[in-house]
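Fit chain B to the supplied structure of chain A, relying on the hints for placement.
Keeping their order, the protein sequence lines are chains A and B. If you read the first sequence in this note's numbering, its first letter stands for residue 1, the second for the next number, and so on. If you read the second sequence in this note's numbering, its first letter stands for residue 382, the second for the next number, and so on.
In case anyone wonders, no lab produced these hints; they're calculated from the structure. Remember, it's a predicted structure, so these values are computed and weren't measured experimentally. Just to be clear, a hint being listed does not mean it is correct.
Stated by the list, open to error - Distance ranges between label pairs, derived from CB positions:
#1 Thr107/A x Ala438/B: 21 to 27 angstroms
#2 Leu328/A x Arg405/B: 23 to 29 angstroms
#3 Ala41/A x Asp420/B: 38 to 44 angstroms
#4 Asp420/B x Pro108/A: 32 to 38 angstroms
#5 Tyr391/B x Arg67/A: 57 to 63 angstroms
#6 Pro497/B x Ala41/A: 53 to 59 angstroms
#7 Ala413/B x Ala326/A: 30 to 36 angstroms
#8 Glu503/B x Asp232/A: 41 to 47 angstroms
#9 Gln416/B x Arg315/A: 34 to 40 angstroms
#10 Thr347/A x Gly393/B: 29 to 35 angstroms
#11 Ala41/A x Asp447/B: 54 to 60 angstroms
#12 Glu246/A x Asp420/B: 42 to 48 angstroms
#13 Leu132/A x Gln416/B: 21 to 27 angstroms
#14 Asp420/B x Asp289/A: 43 to 49 angstroms
From the three backbone atoms N, C-alpha and C, an ideal C-beta is built for every residue, glycine too.
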Amino acid sequence: MNEVLLRSLTPSVLGVLVRRGADFAAAEDAVQDALVEAVRAWPADPPHDPKGWLITVAWRRFLDATRADAARRRRENLLDEEPAPGPAPAVDDTLQLYFLCAHPSLTPASAVALTLRAVGGLTTRQIAQAYLVPEATMAQRISRAKRTVSTVRFDRPGDVATVLRVLYLVFNEGYSGDVDLAAEAVRLTRRLAVAIDHPEVAGLLALMLLHHARRAARTAPDGSLVPLAEQDRGRWDSGAIAEGVEILQAALARDRLGEFQAQAAIAALHADAPTAEETDWVQIVEWYDELTRLTDSPVVRLNRAVAVGEADGPRAGLAALATLDASLPRHAAVAAYLHERDGDLTTAARLYAEAARKAPNLAERDHLTRQAARLNSRRSR
Amino acid sequence: MAKYLLLKHYRGAPASVNDVPMDRWTPEEISAHMQYMRDFATRLEETGEFVDGQALAPEGTFVRYDGEGRPPVTDGPFAETKDLIAGWMVIDVDGYERAVELAGDLSAAPGAGGRPIHEWLEVRPFLTAPPTVTE
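Okay, chain B solo, but in the shape it has when bound:
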């Protein structure tokens, strides 16, 4: 088994095919989208491939150490940040092909007009612990 992170971006991914912000959909289209996402997660739980899923707020803060005895420096949020992560799903699957297949399914979630969003999702493999047998 191999773990993959499916990353969804607020910004930073190439534009979706059906690129209409959600507040421009109809309420029914939003409901259909939510239902699709719920069904997707349920299906992964049933197949034993779901690990975790979380959504992130769009605004964050950068923080760094500023030396002994000083409070950390904070900066941001930056309106111009190019790469902004919206949320993730962690899956544990047989391999890369399955991860891509699932990301494809997730990207087919319906959007404006009830048509698939074709949203770009980023698939990132986890770095795993070393295997026991190495030769």
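This is chain A alone, in the form it adopts within the complex:
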């Protein structure tokens, strides 16, 4: 049985239950029960109509739970007071679920967890493992999130930007466990792109595909980070790159630029270069200028300083860096790199060591310590 196929049915099954009048939290529980039941029953007795099977089982579970619930009467009264179902909703169920799970009343951590469960069909245990928290903690986070959104009406479109931020978080801050969160984020974004025609959704999907394509080359066998310039480009996934570039070009042609499209354009320029030396840094700087215009983020300005260093030489990069706040994350690492390229190995080694002390994760810390060690051992020779 294909677990991903099973999980891909989750949002539409959940949508059917909600449309039939189940409240979101109870419907979501019922769908989870049905998924667990499917994992148990399908291998021996695969259904002809998997979606129909899931709807039947989930609906039965919902009714059982509702009947068992002491609040049954209250809930039925509530249903009686609901207006009769009108014409078919303008926004499809899957899209509504994305909006609901990324609702602005939720914290980012809650929105991520709820999206992975209600849209992604992952179990609480899988999500807990992925984010390195106890299962009970994640269960609590999800049930609080469901309570928070339980009063949100299910029939009007939300803000697609909030959904994109949640999917970006899943992609970018996925940790470990037996679920590949980056791949899951790509899958969920792909589905979103089918449900809604929006250039930034396409931009985010392209960005994810282009970064995901480099994954095999990004870490050495011993787990250490391999910087972009040193990656074996033969190990990049050319299929994912081609798809990402095609999606991006179609999005850019619509002339509604946004930050994800601009970020994807930068990733595409890296992907286009057969070797690191052939990278079109001038164009990359131009895209960073666009990004600065769109977001005015100090992190973008920092990355721009690196690109300027490559396009116009390390002195120009250092000049761009000098205009930025030195307390920015990774400022010391960027300064170290530019000083090394400028030939000042003593300053570079000192800054790499400082950057290692400030590194936000172990992989970066080890990488920066190695950089300092590499320069120090070269100088002492």
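Just chain B now, with coordinates in the frame of chain A:
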């Protein structure tokens, strides 16, 4: 079984025998050290003695309550803090002897020149739940 915390300090422990900061090692020596640490954790997982391991950033903040309706007061980070924890490993072992043996192995991780660091690690027993039989 008994749980122990193996504490590694940035500062506050007595000086190691092979006391050279890591950015003064060669890249190969760093790789050998990392491999040793990974192998150590893997071995503990295989023997069923590993519970948890985490590394901490060197800079932290002190925080305290400042009264009703006020935001908490923060202070630091302090450059002069004497005791600075770098990370920990929690192990669940048969007893104190085994905890000391494992801490000794961990302290033998190779450093500059490929020689053991002889780093001082602190071994702290967890306070456990009371036993069922008390007499």
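Hint check:
1. Take threonine 107/A and alanine 438/B: their Cβ atoms lie about 23 angstroms apart, and the range 21 to 27 angstroms holds.
2. A hinted range of 23 to 29 angstroms for the beta carbons of leucine 328/A and arginine 405/B is consistent with their spacing of about 27 angstroms.
3. Distance hint for alanine 41/A and aspartate 420/B: a CB-CB separation of about 43 angstroms, consistent with the stated range 38 to 44 angstroms.
4. Against the hinted window of 32 to 38 angstroms, the Cβ-Cβ separation of aspartate 420/B and proline 108/A comes to about 36 angstroms, which satisfies the hint.
5. Between tyrosine 391/B and arginine 67/A the beta carbons are some 59 angstroms apart, a value that agrees with the proposed interval 57 to 63 angstroms.
6. Between proline 497/B and alanine 41/A the Cβ separation comes to about 56 angstroms, which falls inside the hinted range of 53 to 59 angstroms.
7. A hinted range of 30 to 36 angstroms for the beta carbons of alanine 413/B and alanine 326/A is consistent with their spacing of about 34 angstroms.
8. Take glutamate 503/B and aspartate 232/A: their Cβ atoms lie about 42 angstroms apart, and the range 41 to 47 angstroms holds.
9. With their beta carbons about 39 angstroms apart, glutamine 416/B and arginine 315/A fall inside the hinted range of 34 to 40 angstroms.
10. Taken as a hint, the range 29 to 35 angstroms holds for the pair threonine 347/A and glycine 393/B, whose Cβ atoms sit roughly 30 angstroms apart.
11. The hinted range of 54 to 60 angstroms is satisfied by alanine 41/A and aspartate 447/B, whose Cβ atoms lie roughly 58 angstroms apart.
12. For glutamate 246/A and aspartate 420/B, the hinted distance range of 42 to 48 angstroms is satisfied, since their beta carbons lie about 44 angstroms from each other.
13. Between leucine 132/A and glutamine 416/B, the C-beta spacing of about 23 angstroms keeps the proposed range 21 to 27 angstroms intact.
14. The beta-carbon spacing between aspartate 420/B and aspartate 289/A, approximately 47 angstroms, falls within the hinted interval of 43 to 49 angstroms.
In the structure shown, no violation is registered for any of the earlier numbered hints.
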